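Starting from the known structure of chain U, fit chain A onto it as the hints suggest.
Each chain, written out:
Protein chains: 2
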Amino acid sequence: MAEKTCFDCSIEPQEVDFTFRATIPALGAAILNAAGLDAHGRGFGVDALNAANCSWVLSRMAIELDARPEQYADYRIETWISDYGRVLSTRNFTLADAAGRIFGRAVSQWAMIDLRSRSAVDLSGVGREHAEAIVAEPSPAERPRKIRSVAPTETATHRVVYSDIDFNRHVNTMRYIEMMLDMMPLELLTCEAPVRLDLHFLKECRYGQTLAIGCERHERGALFEIAAEDGIAAVRASVEWR
Amino acid sequence: MAEKTCFDCSIEPQEVDFTFRATIPALGAAILNAAGLDAHGRGFGVDALNAANCSWVLSRMAIELDARPEQYADYRIETWISDYGRVLSTRNFTLADAAGRIFGRAVSQWAMIDLRSRSAVDLSGVGREHAEAIVAEPSPAERPRKIRSVAPTETATHRVVYSDIDFNRHVNTMRYIEMMLDMMPLELLTCEAPVRLDLHFLKECRYGQTLAIGCERHERGALFEIAAEDGIAAVRASVEWR
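So the sequence lines, in the order shown, correspond to chains U and A. The numbers in the first sequence follow our numbering, run straight up by one, and end at 242. The numbers in the second sequence follow our numbering, run straight up by one, and end at 242.
It is worth saying that the hints were derived from the structure and are not from the lab. The structure displayed is predicted, hence computed values, not measured ones. By construction, the Cβ of each residue, glycine as well, lies at the ideal position given by its N, Cα and C atoms. Take these hints with a grain of salt, some might be off.
Across the chosen pairs, the derived CB separations fall in these ranges [said to hold, decoys possible]:
#1 Lys4/A x Ala99/U: 45 to 55 Å
#2 Asp230/U x Leu186/A: 14 to 24 Å
#3 Arg159/U x Arg145/A: 22 to 32 Å
#4 Arg206/A x Arg143/U: 37 to 47 Å
#5 Asp230/U x Asn53/A: 46 to 56 Å
#6 Glu142/U x Ala193/A: 27 to 37 Å
#7 Ser149/A x Thr157/U: 24 to 34 Å
#8 Gly125/U x Arg145/A: 34 to 44 Å
Some chain A residues near chain U, calculated using beta-carbon distances under 7 Å [stated by the list, open to error]:
#9 Cys9
#10 Glu12
#11 Gln14
#12 Val16
#13 Phe18
#14 Phe20
#15 Ala29
#16 Asn33
#17 Gly36
#18 Ala136
#19 Glu137
#20 Val160
#21 Ser163
#22 Arg169
#23 Glu178
#24 Leu188
Chain U extracted, bound-state conformation:
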């Protein structure tokens, strides 16, 4: 049975907005870095998988933040894998402040793809092989919610450029989050209320594509759908401040 992995972090000057608190994408990036570093450390990181022509792809993710820590604040990310399904593995995260109080939780679900066929690999074998990496502790938050349909009240467009793409050559998760949050008013983005984000990745978006980001505004949040020129939903998401 494995132990959770801990990463000690602090909020750096480049990670805060004008309220001097970490932005949601900055904390999201720290969470995903922890995932990448832990997988690497355990020998099943993207680098090891690439050698076998495979890669991890984030399928769904939920992030809950009760507070956004201030610049220079120390915090700790704990991460663990709670299970492997046939298609998705579940990686969990808690974020705790210097006093040990948990202020953030995240649940991510990952598929493994074959880089030649771009199709999902059956994880049953991986689950058996890496069974010792599983920590028998349930996810710290409700798993990512399904978002079935979005009726945009507003649409923005964005052409995918070099700085948007990741090691898999598709748009990186944080850029999707930024594209969506950038459609929300500053009052919500900089408020101190707890926030929950749910993200569903349905299809890759790639360099040079022009994306339409549809936003269905609600009073304290929104639903989003991102699609490339073919109009097929690539990402659906929701954000809600309490």
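Relative to chain U, chain A alone:
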């Protein structure tokens, strides 16, 4: 007489492109984080200045990278202030790999502004007050070059959104760099040749403005000029791969 300050860093999964090497903006962000953390540690960070209604503003910066380190590579940033002029202070940086070999150098020049008048503060007093923070070692690269005029062969536009702005409520340096580099071809952005960036910040760009990013393409680089609706140059820059 002060010592240089060292920061031990490593290239995180969120910082690499599909060549699995750190992007130029990711290394630039690490450099600016080192500046912020060192100033904070010495008691003249943005947080301390804000209490006196002042802030540091980056005026010019040059970055030279001989190589872009690979994912997970450890490296060390050393930073020191070499002098205070009447208007600008000079902060220097070297980036060294795990073997101690320097692969990156940067020179930055900072003004202090009064947040009420948005005008520059005379640094003579600050220089005397913080004389013990100066390290008598010259800048490790040629100081930021003046870019006098740019004749764009191509222009992109960008509306300034929440994720573009920093603690000063203006567009953050890395976003300017990304906007400009995103106009360059992938072949140059991902090549392994040494690269030099020169940046001149002439005027703040703010939330909600629409920026025009003019690019004068050369064979192995480009000149850039960014302006908001008033057409007055806000940033001039050059990038050149050897």
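### Task
For Glu142/U and Ala193/A, compare the CB-CB distance with the range 27 to 37 Å and indicate the outcome.
About 49 Å separates the Cβ atoms of Glu142/U and Ala193/A, which means 27 to 37 Å is violated.
May I ask you to test the interface hint for Val160/A with respect to chain U, counting a Cβ-Cβ separation under 7 Å as satisfied? This hint is violated: Val160/A lies away from chain U, its Cβ roughly 10 Å from the closest one there, beyond 7 Å.
Original post:
Holds or violated: is the Cβ of Gln14/A closer than 7 Å to a Cβ in chain U?
Top reply: 5 Å, holds
>> Checking hints one by one. Is Arg169/A an interface residue toward chain U, by the C-beta closer than 7 Å rule?
In response: Status holds, d = 5 Å.
- Message: Holds or violated: the hint that Cys9/A contacts chain U, with Cβ atoms closer than 7 Å.
- Response: 11 Å, violated
How does the Cβ-Cβ distance of Asp230/U and Asn53/A compare with 46 to 56 Å: does it lie in that range? Cβ of Asp230/U to Cβ of Asn53/A: about 52 Å, so the range 46 to 56 Å holds.
- request: Would you check whether Phe18/A satisfies its interface hint, that is, whether its CB is within less than 7 Å of any CB in chain U?
  value: Where the cut-off is 7 Å and the nearest Cβ of chain U is about 5 Å from Phe18/A, the hint holds.
Does Val16/A hold up as a contact with chain U if the rule is Cβ-Cβ below 7 Å? Hint on Val16/A: holds, closest Cβ of chain U at ~5 Å, below 7 Å.
Interface hint check: Glu178/A, Cβ to nearest Cβ on chain U, cutoff 7 Å. Holds or violated?
4 Å, holds
Should the interface hint for Glu12/A be scored as holding, given a Cβ-Cβ cut-off of 7 Å against chain U? 5 Å, holds
ask   = Measuring from beta carbon to beta carbon, are Ser149/A and Thr157/U in 24 to 34 Å?
value = At 32 Å between Cβs, range holds.
Item to complete: Given the hint of 34 to 44 Å, check if Gly125/U and Arg145/A actually sit that far apart at their C-beta atoms.
Response: Cβ of Gly125/U to Cβ of Arg145/A: about 56 Å, so the range 34 to 44 Å is violated.
Checked against the numbered hints above, the structure violates hints 1, 6, 8, 9, 18, 19, 20 and 24; every other hint is satisfied.
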